[in-house]
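A.B. asks: The primary structure of each chain is shown beneath.
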Amino acid sequence: MTKENNLTPDVIIKSFKDKFKTKIIDAQIKKKPAGSEKKEAIDIWMKVDKSVFKNVIKHLCDLQYPHLPVASGNDLGKNIELIYHFTLNFDKRLEEINLNISVELPKSKPEIETICDLIPGALITEREKQEFLGVKIKGIPDDRRVFLPDDFPKDVYPWRRDEKGLEKLYKNLHEVKK
Amino acid sequence: MSQTTKTTYHIPIGPIHPALKEPVYFEFEIDGERIVDVDVKLGHVHRAVEWASRKRNPIQIMYLAERICGICSYCHPAAFTLAVEKAADIQVPERAEYLRVIQAEVERITSHALWAGVAAHEIGFDTVLFLTWEMREKLMDLTEFLCGNRVTKGILTIGGIRRDITSDMVPKVTGVLDYLKDNFERLRKIFLDDKTIKMRAQGAGILTNDNALKLCAVGPTTRASGVKKDVRVGQSYFAYGDLNIDYVTPDTLTGEVNGDVYDRIIQRLLEIKQSIDLIEQCLDKMPKGDITYEPKIAKVLNQLKKAEGEGVGRHEAPRGEVIHYVKLDGNEAPFTWKVRAPTYNNILPWIPMLKGEQIADIPIVAASTDPCMSCTNRVGIVKDGNKYELTKEELHRLSVEKTRRLMR
Amino acid sequence: MKFSMLPSVFTQMFKKPWTNKFPAKYAPDNTTQFLADVGAGKAELIPPIETPPNFRGKIKYDKEKCTGCKLCLKVCPCEAIEFKEKEKKIKIYLSRCCFCSQCNDICPSNCLSMSDEFLLADIDPYSKDLIVE
Amino acid sequence: MAKGLTKAFKKALWVYHCNSGSCNGCDIEIIAALCPRYDVERFGIKLVGSPRHADVLLVTGPVTRQMEDKVKRVFEQMPDPKAVICVGNCGNTGDVFYESYNLVGPINQILPVDVHVVGCPPRPEAIIYAVAKAWTKLETLEG
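Chains as they are written, first to last, in my numbering: chain A, 1 to 178; chain D, 1 to 408; chain G, 1 to 133; chain P, 1 to 143.
Simulated from the structure, these hints should not be mistaken for lab results. Take these hints with a grain of salt, some might be off.
[Stated by the list, open to error] Below, computed lysine-lysine pairings styled on BS3-like, alpha-carbon distance capped at 25 Å:
1. A:K107 with D:K327
2. P:K137 with P:K7
3. A:K171 with G:K74
Build out the structure end to end from the sequences listed, making use of the hints.
C.D. replies: Shown next, in the form of structure tokens:
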């Protein structure tokens, strides 16, 4: 893994922009000061087109091997948005950068390639997306369920907004009042 | 010519556990005493927290977040408030930032003291369990004095903190810190100079630096393998930007890092020392000022109802980095709330750690990553047809027996 | 050295045990009898470890000051507060409450406060003395 | 439990702790009750490793769907004069997790619970007070 030393937010965005040109839909930098000396925490929010997602991650790994804590997803009605949260420069004091790459998948065919070959640590969060949001991850090494019980109905995805299958499972523990 | 076919046995462990651990289900492939393969099945504690948050406003979610994990009950609301404050762009007064750091560090010491007791119990030293938990009782009294409840602190609110540490409360805090400092030496001697713990811990459950990076391990587990990854140092949140804090890895004490259980013990003891020093820095650098940006909760709720945006909150919990993602879209409940507890990322490193270890080492290696849900109790060994179960007592006795054997 | 624990064993021998012997030193033979005596004042209960100031225990509800504004219902994370329509007052189920004291902070006429009584256990979770009227 | 319990039964209650999906705040308080400061061992209460030797089952947590049959199995494996104490509001009424698709209800719908300990988490002394209440209940059954 190459150890790029002076990774600042603008260097990162420029290196992505000139490699993928229009495929990076938009990128913004947010800064939030904290503490009495008002040092800033840096967030980069980047929207990426689905087709070029795999080599964006490959490019990121060559830039600097990132730490991927989690990928979160939300259901925007027409399509499902997956947000991969990376952090760079995590071993330099006060220079850690949160890089959040979000990619939108059509709800009719929510599919995306796996990144387990580049970052093996992504297996659990990808399995979780598969069972909670119904996103098909192509090429995932092991696609069993992580958190839901085995007798959970097959095509019910709890995080989707328009989910009907949950009503019969739903239980309000206060009903037993009297 | 009886050609013995080499078969591996299949051991299911869990999920019910008599001691304090949460239910998780291990499946081990073992060959003789050696573990060949590990498979972990989670989800026994899945209480649908994210799904339940869709009908609640952020103040209610704060208390849902607090009960995700009982031991580190401060880290989830901390990451949640950071995410909401980034999404709704709320500025927190400085005194509240310092108070938040003090609460985070008190919780870290309490959690590490708990872990030290449990790890010693796993190896068979019950007196050390009582000794570390006696130290922990002093910390629980301090938490109760500062927050009103021993375990669920309920002290964080969006945009600040609910209880102040006034000048007449400070002597009690420094009293407990002094008690910790002169007990720290006793703890260090017990854990690090003891011949038996060295035999059991050194060389057991090794997580190489490369594996820790590749599997994105977090917290003391990855720092014990030499990876410099600590949210408090890397990013400036709460008041960590103003304090002088640096990465802590085992080589600061022993000069070399080999990522085994012994290094994780060193790592956590060094972090207790670092937390004590951080609390003292905060106590004398604390600026004056109010402790929340808006005392009236009703007004906070109205402002959050109108806020829009998304934010990522990251906080360094005792077990690793907690990350919350919140998306607010202008109605009462947040649109999305994603929680990621540190143990998610420490599940995969178990596999390289446990491969090649003996059955008797399972408790100590699994407990060394201080998982928020680890378990071993009954090991059911299916051997040539008849299934007999090793109860927790026998598994524990196996582990203690191994210690005795090594002691001779 | 071989017997490194001996000094601390000896110091430990002459120290008073740290246990706080709440209700009684050993289990009474007849607990109902013992509790009856304590009630009658004949026997003496060893108190639990005293709680610090503003400890979050059982909720105290001051019925007169309550104006029925239902703000506490909005902020209670466990739906432990039930609103009685006809008399415009609230009813708190202690077996649902998570003792977070958010209702104390949000109440405009601050009729809710937290006592430091925590010995709450009963046969039925919805029994009379676990509901604060 | 039928009548005719011997007087000595309640003197040495062996306890088995079962975590059915709790956030382990209550579990820590149970272990804290066993530690030297509260020391329930002076009442003869000991944590045992298997339900087969236990008299009292300490259950914590709102029972998740996967744990329901396992909690029932543990309850059935306990020898007969047994009691169940539910520690913490999660088990009594699922305090903060009261609506969810993966929880199967407060524990008194799954097991016959004798004493409910209120608190989130209850202090170790509250657990000792609940054990005292369990004694009074057991005494009514003494022959």
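A.B. asks: Each hint: holds or not?
C.D. replies: We went through each hint and held it up to the structure:
no.	hint	in the structure
1	A:K107 with D:K327	holds, 19 Å
2	P:K137 with P:K7	holds, 13 Å
3	A:K171 with G:K74	holds, 21 Å
In summary, this structure violates none of the numbered hints.
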